[in-house]
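Fit chain C with the ligand to the supplied structure of chain L, relying on the hints for placement.
In the order they appear, the protein sequences are chains L and C.
Its first residue numbered 21, the first sequence is counted upward by one per residue in this note's numbering.
Its first residue numbered 6, the second sequence is counted upward by one per residue in this note's numbering.
Please note that the accuracy of each hint is not assured.
[Claimed, not checked] Chain L stretches covered by chain C per the calculated footprint, using a threshold of three residues with CB under 8 Å from any CB of chain C:
1. 134–142
2. 203–213
3. 229–240
4. 245–252
5. 256–263
[Said to hold, decoys possible] Which stretches of chain C does chain L cover? Using the computed rule of at least three CB atoms under 8 Å from a CB of chain L, they are:
6. 16–23
7. 27–35
8. 43–49
What the hints contain is simulated information worked out from the structure, not anything from laboratory work.
Just so you know, even glycine gets a beta-carbon here, dropped at the ideal spot from N, CA and C.
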Amino acid sequence: MSVTARQWLERIRALDLPDKVRIMNVCGGHERSITQAGLRSALPSSIELIPGPGCPVCVCPEEDVYQAMQLALREDLILVAFGDMLRVPVNLPKREIRSLEQARAAGADVRPIASPTEATRIARDNPDRAVVFFAAGFETTTAPVAAMLAEGAPDNLSVLLSGRLTWPAVAMLLDSEEAGFQALIAPGHVSTVMGPEEWEFVVRDHNIPAAVAGFTPESLLAAMYSTLRQLQDDRRFLDNCYPEVVRPGGNRSAQRCMAETLEVTAANWRGVGVIPASGYALRSHLAAHNARTLFPSYEDPERKRIGQMPAGCDCSRVVLGKIYPNQCKLYGLACTPRSPIGPCMVSDEGACRIWWAGGVRDRADTEVA
Amino acid sequence: MKITAINGYEAHCEAKGVERDVSLFMMQNEEVAVGDFVMVHVGYAIQKMTHQEARSAWELFDQALGTADIPLTTGDDHV
Ligand code: SF4
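Looking at chain L on its own, in the form it has when it is part of the complex (with noise of 0.2 Å):
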């Protein structure tokens, strides 16, 4: 017999809490769930439940996007990239060519795909020319992207890689002064493939309850129910909520393929900064593969020290948990998912966007933190 949502809210609203608990999440999918389910308004109003940086095309750097915008626009080649990224605006004025989408309408030959394997297939259907797949993502999307350059991409493929690992910038938050939450949601699919333990170190080195959830409100409940028990009961563990999926040690063959290809080394990432160890490269021996070392005239450093964000856009804070969605200046006003300002409003697993299409339509006036 299993538990179901119902039940476990029972037990959470059971348990003896602090005045005030803030609980972050990490994943964009947990957030989703956690908005569509209505579970913010379903708890105790004691328990805050807080997005932190949980979407990858939010924090993909802006000289990234606009690399692959400059390639796309001129060279003679085919820009493929997951669709979220299409409309991502880079610091330009509105005049000019902001994102791919609109590379895509001035002419350039960008084309939106949904898996590493429609980039193999796009590059061998078009042998003659050059195929590059711009792909940002966590840990989940960037192994099926090391497992596609494990089993041998095409001559004429290459990757402007934008992968991101999640903990560290968790570990961040951590070691900052402020991190601003009691409790960590950990994620489930990064924790599918890389295993639960990447996150012991949070209730290790940081006596946080820690808890790593799926996708269904039982899931995420029962992560919430685990983390709050810790609390009370102050005995902390790494929980795995999900284990439909999360085994110990994860999936050793995405880890492997990851292992040959890639290389972990620092990042940049929007709105954030430079966090050390959090970003992945395609090891020496792809070279040929490597958009960064086909087009190195593309890399441009003097965008790094750009304005990371559109003027007035506070997707840094938001992805950081230190201001919730609707305490940006132009949630709902100038920005919508229609006309998005920041990547948070673009992006299916960005909080701005996640919270308007779950109808929060409402401002805040209180910050987060």
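The following block gives chain C with the ligand in isolation, referenced to the frame of chain L:
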């Protein structure tokens, strides 16, 4: 998604009427067969799914202490 056919590293999968080709390249450490369920992300199977329900380790602790106050998940009665 449920695997309906396998050809090398390629599987044909189905879920709720949607059919898809899925790469099994990252499943080399697992035995996968037609009829198995896999979790799919961007066209790649990332793990075989088991039939375990969401649960918390607290249930085991409570059970050990004899203080379980809610039904325990047995983990094998749902897909
Ligand atoms: S509402 Fe728009 S402008 Fe404000 S933080 Fe979100 S994406 Fe940026």
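What hints, given by number in increasing order, does this structure fail? 6
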